[in-house]
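J.: Here is what each chain is made of, one letter per residue.
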Amino acid sequence: MRVSLLSIQVIFLIGLQVTSLVVLWLMTPLSQSATDTFALYLGLDLVAFCILSYLYRSMRNLKQPNGVWLAVGYLFIIVLLVSNLALG
Amino acid sequence: MTEKDGFSERVAGWLDSRLGLSHPLLRPVPQFALNPFYWLGALAVVAFVIQGVTGMIMMLYYIPSPTQAYSSTQYIFQSVSNGRFLETVHLYTAYAMIMLAFMHMMRGYFVSVQKNPREVMWVVGMLMGFVTLGFGFTGYLLPWTVVSYSATHVGVGMISALPQPISNLLNFLIVGSAGDAGELLRFFDLHVVILPAVLLVLLAVKMYMLEAHGVADPTSGASAEAKARTLPIFPDVTVYLLELSLLFGAGMLLISAFFPLNLPAEYSALTAGQSTPQPDWYFLWIYQVLKVSVFEGGGGLAAALSVVTLVFIVLLVLPFIDRGKTRELSRRPVYVTLGLIFVGEVLMLSYWGSVTPGATIPLEQAALVIGGTALLIALVSLAVYRALYSRVRGRLQTVPAARVSRTEVRSGLAFAVLVAVGAVAIGTLVNSVVGIVLSGFSTSSGELLAVSAGTLALDVLGTVYVIYRLDLRTGGIRRRVKAFEVGWKG
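Listed in order, the protein sequences are those of chains V and G. Heads up: the first sequence begins at 1 in the numbering used here, then just goes up one per residue. Heads up: the second sequence begins at 1 in the numbering used here, then just goes up one per residue.
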């Protein structure tokens, strides 16, 4: 079975969404740092969903996803993860 | 849908068949409109929805009474799960909504979407913009902090300077006669019921007209082929808008995490003096105009409010002022330059207001800075247009290119200088008139009045003359005055 880069991305993004949803579900954000973590994980969830939507739209229109937009999306994810470490 | 369709296609197909999403209720969108700049208004609506959701949750805890407004807000911050997050996101999406609405308006202005047949759409959009500012104004008071109370009362205090019928109406609507308690309740009602209802009605009207007229073509016009390349509203356009909304939401969350909201001190008679009254950033440019020395005092305040009101009226009825048919940026130098001056002045006044809280601005300084900004932008715009025309001239080899003569350049520069001098003269004239009205006639005020009136008169004559010279090339002037055309080489 040939695993395409697209499939890997989709699995990674869904995994990221599930992880962030679990973190969000388990949190009780009352303190400032917990609120920051909540915001950043929710942001992570949204960006992952955004990239998934973009991949879906590209597939639907039989177009190759634009590498620059994908790079921007993944960079955003990295920024959110690093911010989480910095603020946490 | 076939057997070979993937999982996502099957899900989309299922949703479509059950909900009728691809039923042609909404017209397809041209492919060229899949560009974030076409969706700034939609993102403002997304911000409004986020505010609605966060606001409704906060409403479960907030109590609109002067004695409990602050403590209930503090309770949301400290004891409600995600309370600080909700407050922060609510505030930042409100800021984003105002910013997006402004960008949407200015984009529309520069690409002339307000022209035939979308004039009424523009007017409705402007009314939506005013309602958005109303959200900001009414929402700012609700936490009952010393900052919000003092800033809001700067705005409320201005109402008295408006003409009697308007001030009576506004007093009735937002102040009432029951003191702080009545006022807070009215602000709350306006913020959570009346303004959202008005905005939704206006949004429905605008969406209806958007469906009737469709998305405006690009300024250079769209070929029949480009217009024919359309995408259905579902799933393509819906998914595209979803992507933009998700990115916008993630951006808001990132900003919220880095700049969390902190609640200032509660308003009370003791804390009232601790804060310099200063409106939130989106009203700072107006407030900075009101702080110019010439506008201080009762009559001056009314004059300043008239200037600001005039700006809003011009924006509201813009489609009926700018009647030209062309939409291309390169062929609308005057309107583009005026738009750039407006954006530049708003940014400059807002920044200036943020660094000079509570300070009165001397007239001369205001005239220099405001006039200087306008002049600088006009000159840069003129230079850019000249460079653009030069490039176009270079490309047009077979068609005799229009040449901008030195006389025209000189006349253009003279026009810019005259506009700046006129601005200073008007400012000085208003200053001297207000001085005479408020303090009585004196020799110095009389001299100032005479000099400024004379300068303005000469300036107007000079401007008319320069416009006449600039118009000679087009032949628009039917009755020509030979004596005015000395040195003219058309």
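Rather than coming from a laboratory, the hints here were simulated on the basis of the structure. These numbers were taken from a predicted model, which means no experiment stands behind them. Quick reminder that beta carbons are idealized off the backbone N, C-alpha and C, glycines included. Hints may be right or wrong, so weigh each one.
Chain G stretches covered by chain V per the calculated footprint, using a threshold of three residues with CB under 8 Å from any CB of chain V [to be verified]:
(1) 237–245
(2) 254–268
(3) 307–317
So the derived list for chain V, only partly shown, Cβ under 7 Å to chain G, looks like this [to be verified]:
(4) ASP36
(5) VAL47
(6) TYR56
Okay, the calculated beta carbon distance ranges per label pair [stated by the list, open to error]:
(7) G:ASN116 to V:TRP25: 21 to 31 Å
(8) G:ARG406 to V:VAL82: 51 to 61 Å
(9) V:LEU70 to G:THR271: 46 to 56 Å
J.: Decide, hint by hint, whether the structure agrees.
T.: Structure-based check of all given hints:
1. 237–245: Satisfied; 4 residues make the cut.
2. 254–268: That given contact holds, which follows from 5 residues of the stretch 254–268 of chain G lying within Cβ reach (below 8 Å) of chain V.
3. 307–317: With 0 residues closer than 8 Å to chain V, the stretch 307–317 of chain G misses the three-residue bar; violated.
4. ASP36: Nearest chain G Cβ about 4 Å off; hint holds.
5. VAL47: 5 Å, holds
6. TYR56: 5 Å, holds
7. G:ASN116 to V:TRP25: 21 to 31 Å: Since the Cβ atoms of ASN116 of chain G and TRP25 of chain V sit about 54 Å apart, the hinted range of 21 to 31 Å is violated.
8. G:ARG406 to V:VAL82: 51 to 61 Å: 57 Å, holds
9. V:LEU70 to G:THR271: 46 to 56 Å: The hint (46 to 56 Å, Cβ to Cβ) holds, given that LEU70 of chain V and THR271 of chain G are roughly 51 Å apart.
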